[in-house]
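*Asks:* Given next are the chains, with one letter for each unit.
2 protein chains.
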Amino acid sequence: MTGPQPGRRAGRPAKPLLNRELIADAALDLVTADGTDGLTMKSLAGRLGVSVSSLYNHIAGKADLLTSVQDAVMSRVDASAFDSVADGPDAADTLAEALRTWSHSYRQVFADYPSLVPLIATMPVSGAPATRRMYDTVAAGLLAAGVPSAQVVPVIVAFESFLYGSAMDVHAPAGIFGSRPGEQDAPAFRAVVESFTAQVDAGKDAASSSASPNPYADQPFEWGLDALVSRTLTLLG
Amino acid sequence: MTGPQPGRRAGRPAKPLLNRELIADAALDLVTADGTDGLTMKSLAGRLGVSVSSLYNHIAGKADLLTSVQDAVMSRVDASAFDSVADGPDAADTLAEALRTWSHSYRQVFADYPSLVPLIATMPVSGAPATRRMYDTVAAGLLAAGVPSAQVVPVIVAFESFLYGSAMDVHAPAGIFGSRPGEQDAPAFRAVVESFTAQVDAGKDAASSSASPNPYADQPFEWGLDALVSRTLTLLG
Numbered sequence: 000m001t002g003p004q005p006g007r008r009a010g011r012p013a014k015p016l017l018n019r020e021l022i023a024d025a026a027l028d029l030v031t032a033d034g035t036d037g038l039t040m041k042s043l044a045g046r047l048g049v050s051v052s053s054l055y056n057h058i059a060g061k062a063d064l065l066t067s068v069q070d071a072v073m074s075r076v077d078a079s080a081f082d083s084v085a086d087g088p089d090a091a092d093t094l095a096e097a098l099r100t101w102s103h104s105y106r107q108v109f110a111d112y113p114s115l116v117p118l119i120a121t122m123p124v125s126g127a128p129a130t131r132r133m134y135d136t137v138a139a140g141l142l143a144a145g146v147p148s149a150q151v152v153p154v155i156v157a158f159e160s161f162l163y164g165s166a167m168d169v170h171a172p173a174g175i176f177g178s179r180p181g182e183q184d185a186p187a188f189r190a191v192v193e194s195f196t197a198q199v200d201a202g203k204d205a206a207s208s209s210a211s212p213n214p215y216a217d218q219p220f221e222w223g224l225d226a227l228v229s230r231t232l233t234l235l236g
Numbered sequence: 000m001t002g003p004q005p006g007r008r009a010g011r012p013a014k015p016l017l018n019r020e021l022i023a024d025a026a027l028d029l030v031t032a033d034g035t036d037g038l039t040m041k042s043l044a045g046r047l048g049v050s051v052s053s054l055y056n057h058i059a060g061k062a063d064l065l066t067s068v069q070d071a072v073m074s075r076v077d078a079s080a081f082d083s084v085a086d087g088p089d090a091a092d093t094l095a096e097a098l099r100t101w102s103h104s105y106r107q108v109f110a111d112y113p114s115l116v117p118l119i120a121t122m123p124v125s126g127a128p129a130t131r132r133m134y135d136t137v138a139a140g141l142l143a144a145g146v147p148s149a150q151v152v153p154v155i156v157a158f159e160s161f162l163y164g165s166a167m168d169v170h171a172p173a174g175i176f177g178s179r180p181g182e183q184d185a186p187a188f189r190a191v192v193e194s195f196t197a198q199v200d201a202g203k204d205a206a207s208s209s210a211s212p213n214p215y216a217d218q219p220f221e222w223g224l225d226a227l228v229s230r231t232l233t234l235l236g
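Chains as they are written, first to last, in numbering that gives the first Met the number 0: chain A, 0 to 236; chain B, 0 to 236.
It is possible that part of the hints are untrue.
To be verified - Under 7 Å between C-beta atoms, here's a sample of chain A residues computed to sit facing chain B: (1) Leu27; (2) Thr121; (3) Ser125; (4) Ala129; (5) Arg131; (6) Ser160.
Just so you know, these hints were derived from the structure itself, not from any lab. Cβ coordinates follow ideal geometry from the N, Cα and C atoms, glycine included.
Throw the hints in and build the complete structure from the sequences for me.
*Replies:* Put into structure tokens, the structure is as follows:
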């Protein structure tokens, strides 16, 4: 950036102004590293190199700060495919595609911030404009496809419950269901774990596009997603 | 309790012997109150009024302790309905019933311990006998109904992802999707939230059997559960 910015006095060094987005990004870094307990107005001011009182010019306090963190995370979820959903002969196909694209994005965003799942899963969306925009896009798409109005929230919440759990499962260790040598109990369970892992391992090259640290997380996710998408399509008039 | 217990010397005061179950229950109390960071061998010994070294006679360390906590929680999940699943003409009905009963129990147990969801969702089941028994019962029931072996784990994991998220949603505030007065954005979203809450509020007496602190959590849960159960039934031969 060259020269003074409009509205700023010439001669003063260019320094990013403090705003909600900068504060939210720094808060997101802090909360990711240290959990919500580590996020205080004081720790955040320290990280940004500003005074606590200057933070209060932009953020009302800890609750507002967490709302801004929620908004920073939710703004990364891509719901744009719902804009292409229209009533008519393509409604089911475009809705299914939108639900899938959104779900993949949503799961990935929360897999990037797994420690925020319990927080954001129970946080009010009031005062979080990007979050509300995301929900509005999803709701408008479901309505456009023909999902009855009173059924839209249950659909969204059921998807989200599944997506929050799926985001955590991305971080489950690959051997979560394994047995120690000599652990001879649970024979039916050991058998199904063996057939499943053998199947995934046999197809590993095909699935290597997965960014999941747990290679066994993708198939359950896709299966559950199919279940929810199929059921949603039965709601169309 | 009167008189000495069998196998204990007469004259000694009756005091419960330290065992894994007692330790796990105390650890569960501690971790529920203070989170996993508050659970150390030292804090646990203090709570039980025993020495740290006597704990080590039963528990190998923190990781083993967390496994015992997982087992204490998972042992409360009722999977017994899967024992009634049999191949034949009733397979679909009995499997659907088992999946529903198990899912309701699972969600309720984790709604009782929401802070343990992220921990247990990613914890290996090796060394946790009650947990393995639960999975064995579920796996045997799915196999008995005719779900292909390699598909059993994806079904279980998809259900669990949904159940973990649903358990968290039980603790979402009832007004999580509400708008502040004057918050005029997100019109489609505001409309669907209004129709949904009006519908739930109108049927409140009928749904008063719900133990959920969030009255709006049950309908999304039941809808998603239906989706997963229906999809599971399509896997039967």
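*Asks:* Please go over all the hints and tell whether each is borne out by the structure.
*Replies:* So, going through the hints one by one against the coordinates:
Hint on Leu27(A) is violated. Least Cβ distance to chain B is approximately 18 Å, over the 7 Å limit. Checking Thr121(A) against chain B by beta carbon gives a least distance of about 4 Å; that is within 7 Å, so the hint holds. At its closest, the beta carbon of Ser125(A) sits 5 Å from a beta carbon of chain B; the interface hint therefore holds under the 7 Å criterion. Interface hint status for Ala129(A): violated, as the beta-carbon distance to the closest one in chain B is roughly 10 Å, over 7 Å.
Checking Arg131(A) against chain B by beta carbon gives a least distance of about 4 Å; that is within 7 Å, so the hint holds. The criterion of a C-beta within 7 Å of any C-beta in chain B is met by Ser160(A), whose closest approach is roughly 3 Å, and the hint holds.
Against the hints set out earlier in the document, violations occur for numbers 1 and 4.
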